[in-house]
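Top line first, the protein sequences correspond to chains Z and B.
Taking my numbering, the leading residue of the first sequence gets 8, the next gets one more, and so forth.
Taking my numbering, the leading residue of the second sequence gets 30, the next gets one more, and so forth.
If you are wondering where the hints come from, they were derived from the structure by calculation, not from laboratory data.
Quick reminder that beta carbons are idealized off the backbone N, C-alpha and C, glycines included.
One or more hints might be untrue.
[What the hints assert, rightly or not] Residues from chain B that face chain Z, not an exhaustive set, calculated with beta carbons under 10 Å: (1) Val40; (2) Trp41; (3) Glu83; (4) Arg84.
[Said to hold, decoys possible] Using C-beta positions, here's what the derived DEER-type ranges look like: (5) Phe93(Z) - Val105(B): 57 to 65 Å; (6) Leu120(Z) - Cys35(B): 42 to 50 Å; (7) Leu165(Z) - Asp62(B): 57 to 65 Å; (8) Ala34(B) - Arg121(Z): 52 to 60 Å; (9) Gly578(Z) - Gly68(B): 53 to 61 Å; (10) Ser388(Z) - Arg69(B): 31 to 39 Å; (11) Asp125(B) - Arg392(Z): 50 to 58 Å; (12) Asp62(B) - Val56(Z): 42 to 50 Å; (13) Glu83(B) - Val330(Z): 50 to 58 Å; (14) Ala32(B) - Gly213(Z): 39 to 47 Å; (15) Val182(Z) - Asp86(B): 20 to 28 Å; (16) Arg347(Z) - Leu43(B): 41 to 49 Å; (17) Ser64(B) - Arg535(Z): 36 to 44 Å; (18) Gly457(Z) - Glu83(B): 51 to 59 Å.
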Amino acid sequence: MNRAQLGFALVAVGAAASLIGLCTALAGIRARRARLIALSRRYVAVVVVAAFGAFAVMEWSLFAHDFSIRFVSENVALATPGLYTFTAAWSALEGSILLWVVALSGYVGVTTLRFRSRSTDPLVAWALVVQFAVLLFFFALMLGPANPFRLVSGAVPLDGRGPNPLLQNHPLVAVHPPALYLGYVGFTIPFSFAIAALVTGRFGEGWLADVRRTTLVAWGFLTAGIVLGAWWSYAVLGWGGYWGWDPVENASLLPWLTATAFIHSVMVQERRGMLRVWNLSLVVATFCLTILGTFLTRSGVVNSVHAFSESSIGPWLLVFLGVCAFGSVALIAWRGDALRAPGRIDSPVSREAAFMLNNLLFAGFALVVLTGTVFPLVVESLQNRQISVGEPYFARLGVPLGLALLFLMAVGPALPWRAASADLLRHRLIVPAWVGGVTMAVTVAFGARGIANVLAFGLGAFALASIGRSVYVGVRARRRAHPDEGVPRALGRAVSGNPRLYGGLLVHVGVVIIAVAMATSSGWTTRRELRLSPGESAEVRGHTVTFVDRAIETTPQKTTVKAVVKVDGVGTLEPAISTFPNASEGIGTPAIHSTPLRDWYLTLVSAPTSGVVTIGVQVGTMVMWLWIGGLVMLAGTAVALLPGRRRRVLEPEPPPSPHDDEQAPMAEVAP
Amino acid sequence: MLALACAGAVVWMLTLLRSNVVFFKPVSAAVADRSGDAGRTMRVGGAVVPGSIERRDEGIDFSLTEGGTTIRVHHVGSEPALFKDCAPVVAEGRWDTGAAEEFDSTRLLIKHDNNYEAPPSGAVECPKDPFRS
Numbered sequence: 008m009n010r011a012q013l014g015f016a017l018v019a020v021g022a023a024a025s026l027i028g029l030c031t032a033l034a035g036i037r038a039r040r041a042r043l044i045a046l047s048r049r050y051v052a053v054v055v056v057a058a059f060g061a062f063a064v065m066e067w068s069l070f071a072h073d074f075s076i077r078f079v080s081e082n083v084a085l086a087t088p089g090l091y092t093f094t095a096a097w098s099a100l101e102g103s104i105l106l107w108v109v110a111l112s113g114y115v116g117v118t119t120l121r122f123r124s125r126s127t128d129p130l131v132a133w134a135l136v137v138q139f140a141v142l143l144f145f146f147a148l149m150l151g152p153a154n155p156f157r158l159v160s161g162a163v164p165l166d167g168r169g170p171n172p173l174l175q176n177h178p179l180v181a182v183h184p185p186a187l188y189l190g191y192v193g194f195t196i197p198f199s200f201a202i203a204a205l206v207t208g209r210f211g212e213g214w215l216a217d218v219r220r221t222t223l224v225a226w227g228f229l230t231a232g233i234v235l236g237a238w239w240s241y242a243v244l245g246w247g248g249y250w251g252w253d254p255v256e257n258a259s260l261l262p263w264l265t266a267t268a269f270i271h272s273v274m275v276q277e278r279r280g281m282l283r284v285w286n287l288s289l290v291v292a293t294f295c296l297t298i299l300g301t302f303l304t305r306s307g308v309v310n311s312v313h314a315f316s317e318s319s320i321g322p323w324l325l326v327f328l329g330v331c332a333f334g335s336v337a338l339i340a341w342r343g344d345a346l347r348a349p350g351r352i353d354s355p356v357s358r359e360a361a362f363m364l365n366n367l368l369f370a371g372f373a374l375v376v377l378t379g380t381v382f383p384l385v386v387e388s389l390q391n392r393q394i395s396v397g398e399p400y401f402a403r404l405g406v407p408l409g410l411a412l413l414f415l416m417a418v419g420p421a422l423p424w425r426a427a428s429a430d431l432l433r434h435r436l437i438v439p440a441w442v443g444g445v446t447m448a449v450t451v452a453f454g455a456r457g458i459a460n461v462l463a464f465g466l467g468a469f470a471l472a473s474i475g476r477s478v479y480v481g482v483r484a485r486r487r488a489h490p491d492e493g494v495p496r497a498l499g500r501a502v503s504g505n506p507r508l509y510g511g512l513l514v515h516v517g518v519v520i521i522a523v524a525m526a527t528s529s530g531w532t533t534r535r536e537l538r539l540s541p542g543e544s545a546e547v548r549g550h551t552v553t554f555v556d557r558a559i560e561t562t563p564q565k566t567t568v569k570a571v572v573k574v575d576g577v578g579t580l581e582p583a584i585s586t587f588p589n590a591s592e593g594i595g596t597p598a599i600h601s602t603p604l605r606d607w608y609l610t611l612v613s614a615p616t617s618g619v620v621t622i623g624v625q626v627g628t629m630v631m632w633l634w635i636g637g638l639v640m641l642a643g644t645a646v647a648l649l650p651g652r653r654r655r656v657l658e659p660e661p662p663p664s665p666h667d668d669e670q671a672p673m674a675e676v677a678p
Numbered sequence: 030m031l032a033l034a035c036a037g038a039v040v041w042m043l044t045l046l047r048s049n050v051v052f053f054k055p056v057s058a059a060v061a062d063r064s065g066d067a068g069r070t071m072r073v074g075g076a077v078v079p080g081s082i083e084r085r086d087e088g089i090d091f092s093l094t095e096g097g098t099t100i101r102v103h104h105v106g107s108e109p110a111l112f113k114d115c116a117p118v119v120a121e122g123r124w125d126t127g128a129a130e131e132f133d134s135t136r137l138l139i140k141h142d143n144n145y146e147a148p149p150s151g152a153v154e155c156p157k158d159p160f161r162s
């Protein structure tokens, strides 16, 4: 048995195990036989082994340069370095689907383990049915239109083509796609529980608690994937930016927006029993948007830097998307009245109202991005005209939505549940509001221009101060109860007493950092283009930029032409253009010198010919904080995942004064 | 109230969408439709005619060809990395109000796509590896 046969056999085993597991679980549920349901769980193990095994065979084939396999011959060359040979497994469609299945089987495996004591619970059993169905779909893709182990037609080539140059030029390709996939795929688990809740009629709060952690894990990976993608775009593509509202970037943002809405609205349902249909819809929408994202990325319908492959799986994904969307909507409609929530909103100035506004904004944001992304496809399919939606559309709508969300981030966590009095609001928000106002004045004095930028700084400071106040109140309460504890220890105890709250606040800090970095990098950036002969200098932002000489480096993987550029006070940077044997187009590699305040970003605009070189120089401000903000968001997610105490030892907002009463009497409700 | 605000937001969104739609046309189709596209922002795609690039202080001029049709593009702003002879380029901008077949570009994009084949450029020979020449 050769590698191709072994790999394909493992895929077939995975598909068969998914199908048999699906049928066994369904039969067990119908016949109410616990043994059948328990048996179906065994097939999860088979699926996991098959998926990881097939992936291992793929890696083995890549490293063994088994060019009889088409995927290997198209994505790896003898000269491809080890790292990019490894990452080649997901540098084209078929391997990506394989990675998708590996991640999904991992999630399903962990979920099955977590719920092993409740395996005969119909909710868990139905969720497993849905998980098997999704697994089956993706295994089936690999059996048919996206077979990663298909053989080359004709003679076996002596060397392969190697990965797309853009995918073998920066190590980030090793982490960005897997993170994104772990994010995308993870939302299958909450989706399966949502469907199970609808089918079993147990759409109370139980299923939410069951999927809270998985949703957070998936959300964390998706966040990491998006930030890493922006970083990759900045460090590899050489255009100096990090987000271009490219359809495929939008595809990753869409499920993030709906999942973020869900993470917030869940708290309303847990606390007040409201928003049941809404939460189910958000979970379904998130899952469907991940499938839509895969369709956009992988079917070649959009022209994008990320659309690395064209294939025939487009119709398959569309049909699957249709089945998931219509099936879920039908289930929700079928449950109809039973889903009506018992609670209602008492006051527009309350925590739950803030969450609802938050959800409205996130859903609106998702609608804006979805419309702008899909509209060109619709027009093209109906009228056969190629159009694109200009960036101003996204910017003009996205900026006010983002600013409104920043504002809510400052106000929302300070609001009590049910209703807030004007006094209470003043007490909690007056200092943060002043901090925000003063920050705006200071940034204007320092030369900040544009309403959006100034507001971003002001609202960011407002939100940070509000978060700081929450933490301060929590630590103070802890120290009152335990006077012997020092501040760090009290903070630690407060956090471990309510990791969800403090994790969430830390995520918010990360978001503020990113918002501020976006505003500074868009407000204070210098771009210049210099044409220099060797030894010639030019001035940029008070620094002398000297083109020293060019250097050429040849390896079997690529030929690199570098310009050695000295920037006084900064150092020597070497922007380059590399040509790979498998592509006629050269790939630029920007040289980046990053400090917390300034980023020097040099690109080689054209290869140095006849001595003269054209260098693009961009001096950006605080770009590094985009990635730091992303890290802080991940740290916050990790904190929120810490096991919390069953009963809260401390209330998040203990009453430090008579004003600060959580149970504000109804008479004090603000108009 | 809320419903009204949402409806207003959606109308605003659709208005912005309408005003930001940019049509893409290859050079030959763009030239054919030229009269109907006067004054509107659009994208034109083709290959850079070798030897046609002239650098000015505020940007570059070059000829763009596709399907046997060639236009002159006046680009204001910096050129993208790897902009060169034969590069597959998409120029965003509008037709010049004066001379025929002249296009004023405000944004240049290079198509990086592996699968992208430079359009056949008639008599113009594009070298396979630009670095070798």
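Which numbered hints fail: Hints 1, 3, 5, 7, 8, 9, 10, 11, 12, 14, 15, 16 and 18 not satisfied by this model.
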